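We have chain A; now place chain B onto it with these hints.
Top to bottom, those sequences are chains A and B.
When you line the first sequence up against my numbering, it's residues 9 to 241, in that order.
When you line the second sequence up against my numbering, it's residues 9 to 241, in that order.
Simulated from the structure, these hints should not be mistaken for laboratory data.
Since the model is a prediction, treat every value here as computed from it, not as a measurement.
There could be a bad hint or two in this list.
One copy or two, it doesn't matter: identical chains are merged, so the pair holds either way.
Pairs of lysine to any residue, SDA-like flavour, derived with a Cα cap of 25 Å [as the list claims (entries may be wrong)]: (1) K212 <-> C173; (2) K220 <-> V63; (3) K189 <-> S85; (4) K220 <-> A46; (5) K181 <-> Y114; (6) K181 <-> Q236; (7) K212 <-> E224; (8) K220 <-> L204; (9) K193 <-> S90; (10) K220 <-> H239; (11) K89 <-> Y114; (12) K89 <-> S77; (13) K181 <-> V63; (14) K56 <-> V118; (15) K189 <-> A241; (16) K189 <-> G232; (17) K89 <-> F64; (18) K181 <-> K212; (19) K181 <-> D240; (20) K193 <-> L67; (21) K193 <-> A79; (22) K56 <-> G178; (23) K56 <-> Q112; (24) K89 <-> A79; (25) K220 <-> N207; (26) K89 <-> A46; (27) K189 <-> T84; (28) K181 <-> S100; (29) K189 <-> T231; (30) K193 <-> D233.
Number of protein chains: 2
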Amino acid sequence: MAAAAPPPPPAPVPEAPIDVPRGSTPMGYPLFARIRLAHPTDVPHIHKLIHQMSVFERLADQCSATEASLAATLFTSPPFKSFTVFLLEVSSAPFPNDAHSSNQFYHPTVKTLNLDLPIDDPESHVFRSSGGDATVAGFVLFFPNYSTFLAKPGFYVEDLFVRECYRRKGIGKMLLSAVAKQAVKMGFGRVEWVVLDWNVNAIKFYEEMGAKIMQEWRICRLTGDALQAYHDA
Amino acid sequence: MAAAAPPPPPAPVPEAPIDVPRGSTPMGYPLFARIRLAHPTDVPHIHKLIHQMSVFERLADQCSATEASLAATLFTSPPFKSFTVFLLEVSSAPFPNDAHSSNQFYHPTVKTLNLDLPIDDPESHVFRSSGGDATVAGFVLFFPNYSTFLAKPGFYVEDLFVRECYRRKGIGKMLLSAVAKQAVKMGFGRVEWVVLDWNVNAIKFYEEMGAKIMQEWRICRLTGDALQAYHDA
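Just chain A, same shape as in the assembly (with noise of 0.2 Å):
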């Protein structure tokens, strides 16, 4: 399917409680999140992701991806070229600063989440990270498009989707604020996205960091056999 899954609002950022939980400090559960650019061996994972959102979309039918369609048709241009890909990975531990994650194209965003309460994450097994210690959370899958009027390329985010029990942390505004500040370095013009015309809660979010909502604009899809009717066309 096209288009965001829906974050929730960002929670405010708690405050530190004031009757300190054992083993906490005072400035609540730290969890350390990094973006990176997705790597061909991410693979497995983002195919679990995109599992996961059709499953929240109740779209699960319509999911065919594999983890092999996925590796033919992603990575095929270098990043922010084409089909691109951001992982956001947490870890109790702060992240180093290592090759795997930081290469010439994007140098990782990080930032400190403090949390009034640990997160339980019951596939944190599941989404262990390829780099070791880190568990991925959530993805933002994205592309270049172009505006006429502008004469500037710009992004599409086709996806972006927070795992269930990360969300309502900022984890979603991390992620589509790290394709918006890549934007604007990259001269780009604008972001654009798509969200479910029902689903306010998304919206108010993506009003909230200022994207406008074009009300009379229609998507139109030639897909399917209408699309294969055009081989000899």
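Positioned in the frame of chain A, the structure of chain B alone reads:
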């Protein structure tokens, strides 16, 4: 602006007039139409077409494209890998099989339109094709997008425009069909574009071409100062 300037539904091919007018043939007036990939030398025509489209859409104040900005941002990748332009040229004489219009990426699509009246093109001198006798009548600008559910690329059509005196002759359909055919050829899963919800003629035309109008999705756009604010995010 995004999207497909609304081509009207194609008129049925006129039959040969019974009372054959002087100078015509029993087939009416043949108009030879050819779709080819645009080259950097076509930028002046592309620029004029974009400007006319913005006037047609009553959004000319939003169009800041110049020949220089288009030249700097288009033609930066091989055709179909990124932003791609098809030009539709017309001529009163059949098109030769010349090297100018054909290359390893795309073999031109040619069609003969049988008109009941010749077209009076008040701007034929402005839109004279760089190749010689042909006249540029319209264009389509498109680029790859990606569906994670299909794990396949598709094409997104940013602009489709036919000059006023060439409308209602099947040219818009010819341009959109050429994109759809190319998508099928490349094994892509979708062709998508947007339409204004009040443009019932365009919606009817697109539905007749096999497209489904997605009623629930809304476009979110982050641009201008709201985007620039992410510079330091």
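Taking the hints in turn, this is what the structure says about them:
1. K212 <-> C173: within (21 Å within a copy, 44 Å between copies)
2. K220 <-> V63: between (28 Å within a copy, 23 Å between copies)
3. K189 <-> S85: both (21 Å within a copy, 23 Å between copies)
4. K220 <-> A46: Intra 29 Å, inter 33 Å, cutoff 25 Å: neither.
5. K181 <-> Y114: Only inside one copy: K181 and Y114 sit 18 Å apart there, 42 Å across copies, limit 25 Å.
6. K181 <-> Q236: between (38 Å within a copy, 16 Å between copies)
7. K212 <-> E224: Close inside one copy (18 Å) and across copies (16 Å); limit 25 Å.
8. K220 <-> L204: both (14 Å within a copy, 16 Å between copies)
9. K193 <-> S90: So K193 and S90 pass the 25 Å test inside a copy (16 Å) and across (20 Å) alike.
10. K220 <-> H239: Intra 38 Å, inter 18 Å, cutoff 25 Å: inter-copy only.
11. K89 <-> Y114: Both: 13 Å inside a chain and 22 Å across chains, each within 25 Å.
12. K89 <-> S77: both (20 Å within a copy, 18 Å between copies)
13. K181 <-> V63: within (22 Å within a copy, 37 Å between copies)
14. K56 <-> V118: within (23 Å within a copy, 45 Å between copies)
15. K189 <-> A241: Only across copies: K189 and A241 sit 6 Å apart there, 42 Å inside one copy, limit 25 Å.
16. K189 <-> G232: between (36 Å within a copy, 13 Å between copies)
17. K89 <-> F64: Close neither inside one copy (29 Å) nor across copies (31 Å); limit 25 Å.
18. K181 <-> K212: Within one copy only: 12 Å inside a chain, 38 Å across chains, cut-off 25 Å.
19. K181 <-> D240: For K181 and D240, the Cα distance is within 25 Å only across copies (14 Å; inside one copy 45 Å).
20. K193 <-> L67: neither (35 Å within a copy, 27 Å between copies)
21. K193 <-> A79: between (28 Å within a copy, 20 Å between copies)
22. K56 <-> G178: within (21 Å within a copy, 45 Å between copies)
23. K56 <-> Q112: Intra 28 Å, inter 38 Å, cutoff 25 Å: neither.
24. K89 <-> A79: Both, since 17 Å and 17 Å are each at most 25 Å.
25. K220 <-> N207: Cα proximity of K220 and N207: in one copy and across copies (15 Å, 21 Å).
26. K89 <-> A46: Both, since 14 Å and 20 Å are each at most 25 Å.
27. K189 <-> T84: both (23 Å within a copy, 22 Å between copies)
28. K181 <-> S100: within (20 Å within a copy, 56 Å between copies)
29. K189 <-> T231: between (33 Å within a copy, 12 Å between copies)
30. K193 <-> D233: Cα proximity of K193 and D233: across copies only (14 Å, versus 41 Å in one copy).
Of the numbered hints listed earlier, those contradicted by the structure are 4, 17, 20 and 23.
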